[in-house]
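Sequence lines, in order, name chains A and B. Residue numbers for the first sequence follow my numbering, beginning at 1 and rising by one. Residue numbers for the second sequence follow my numbering, beginning at 1 and rising by one.
Some hints here could point you the wrong way.
[As the list claims (entries may be wrong)] Keeping only pairs whose Cα atoms sit at most 27 Å apart, straight-line, the calculated DSSO-like set for lysine-lysine is:
| no. | chain 1 | residue 1 | chain 2 | residue 2 |
| --- | --- | --- | --- | --- |
| 1 | B | Lys119 | A | Lys176 |
| 2 | B | Lys117 | A | Lys107 |
| 3 | B | Lys117 | A | Lys206 |
| 4 | A | Lys107 | B | Lys119 |
| 5 | A | Lys206 | B | Lys119 |
Please keep in mind that the hints were generated in silico from the structure rather than gathered at the bench.
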Amino acid sequence: MHATLLLRCVAMALACAASAMASAQTPGDAADPATPVGTAPLVVNGCPIWPYTRCPGADLRHADLVGKNLSGADLRGANLTRADLRGANLAAANLEGADLTGARLSKATASNANFRNTRFIGADLEGARLMRGDFSGAQFVGSNLELARLNNAWFVGARFVANDLQEAKFVSTNLKNAVFEGNVVRYTLFHEAATDGCQGCREEWK
Amino acid sequence: MKTLPCALALAALLTSTAHAFEAFTPQVDSSALPASARTWSEPNPLRGNPDAIAIGRTTFNQTCAHCHGVDANGSRAPAPDLRRMGSGCRRIEDMALRARCMADADAWFMQSVRHGKQKFGIVHMPPWEGHLSPELVWSLRSFVESVPR
């Protein structure tokens with residue numbers, strides 16, 4: 001009981017920190033909903049930022065990608081540590097094996113994206129649209145997923161440890177062999193989720 | 001007695017669904033296309049080629065229009081509107097970057113047509129490799145790019 005309580009406290013603290021980081025900077029001034037909009041597209045460490053860009057293994061640490069259109073991008077194994085992807089479009093992008101430690105994805109759109117074996121450690125995913133994504137084998141540790149929409153996504157073998165999942169929508173998700181430990185699940189929706197082999201999934205979630 | 005109509009309706013539904021997602025070989029004469037276009041590699045070797053655009057239009061209306069709209073007008077189609085794919089690249093002044101941007105969009109298009117769209121075991125679009133030759137796929141790409149939105 002004490003261990004669970006401690007994990008919940010850690011989850012709340014990390015989630016608060018992630019929210020504070022998100023509110024510390026004002027989004028909007030760098031918003032770029034249609035990339036490339038000008039005559040000189042953004043290129044970060046050799047990786048051009050536009051739809052369908054092919055940058056497997058790219059170094060995008062700390063990159064300012066607020067509102068950028070990266071739909072269909074190939075970012076397999078990319079290092080996106082502390083990258084700022086607030087409001088970005090990652091629909092159908094491939095981020096398999098990418099590192100999103102400390103990344104900010106609040107209100108990002110990443111529906112139908114591939115996040116297999118991706119690391120979300122201390123990441124901010126508040127209000128992100130992550131429907132139909134494949135998060136199998138992904139790690140969520142100390143991340144903020146408040147209000148995130150995860151409907152129809154797959155989390156086979158994924159790990160959720162000490163996250164804020166308040167009001168997140170896990171409706172019709174595949175949680176087979178997933179692990180839930182010490183998360184905040186106030187008002188989280190798990191309707192019609194498949195929970196076979198899930199560790200930490202509760203009966204009342206079904 | 002009630003089960004028979006239900007079973008027939010279900011069978012009809014399953015049959016029509018399966019048929020909707022089946023790839024087939026279109027009836028198109030592609031002899032006017034250069035042999036050099038028989039490659040899966042981007043960039044599109046037939047970009048702006050008038051013959052390719054005409055052949056691409058015929059091919060599109062036979063194979064793609066059912067989901068992506070007649071003459072690539074996808075504004076009311078169930079599948080994505082393809083006309084703007086890579087259109088942002090045209091605004092890039094740097095020619096090397098513009099070519100890379102177009103090649104990225106071409107690669108996405110080619111991969112989508114060849115391998116289809118399948119997610120979690122559900123086939124949203126069938127793979128067309130084996131039914132469409134590379135030059136026909138590049139013709140499709142050339143046609144789609146040529147259609148104003």
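Cross-check of the supplied hints:
no.: 1; hint: B:Lys119 x A:Lys176; result: holds (17 Å)
no.: 2; hint: B:Lys117 x A:Lys107; result: holds (26 Å)
no.: 3; hint: B:Lys117 x A:Lys206; result: violated (30 Å)
no.: 4; hint: A:Lys107 x B:Lys119; result: holds (24 Å)
no.: 5; hint: A:Lys206 x B:Lys119; result: holds (24 Å)
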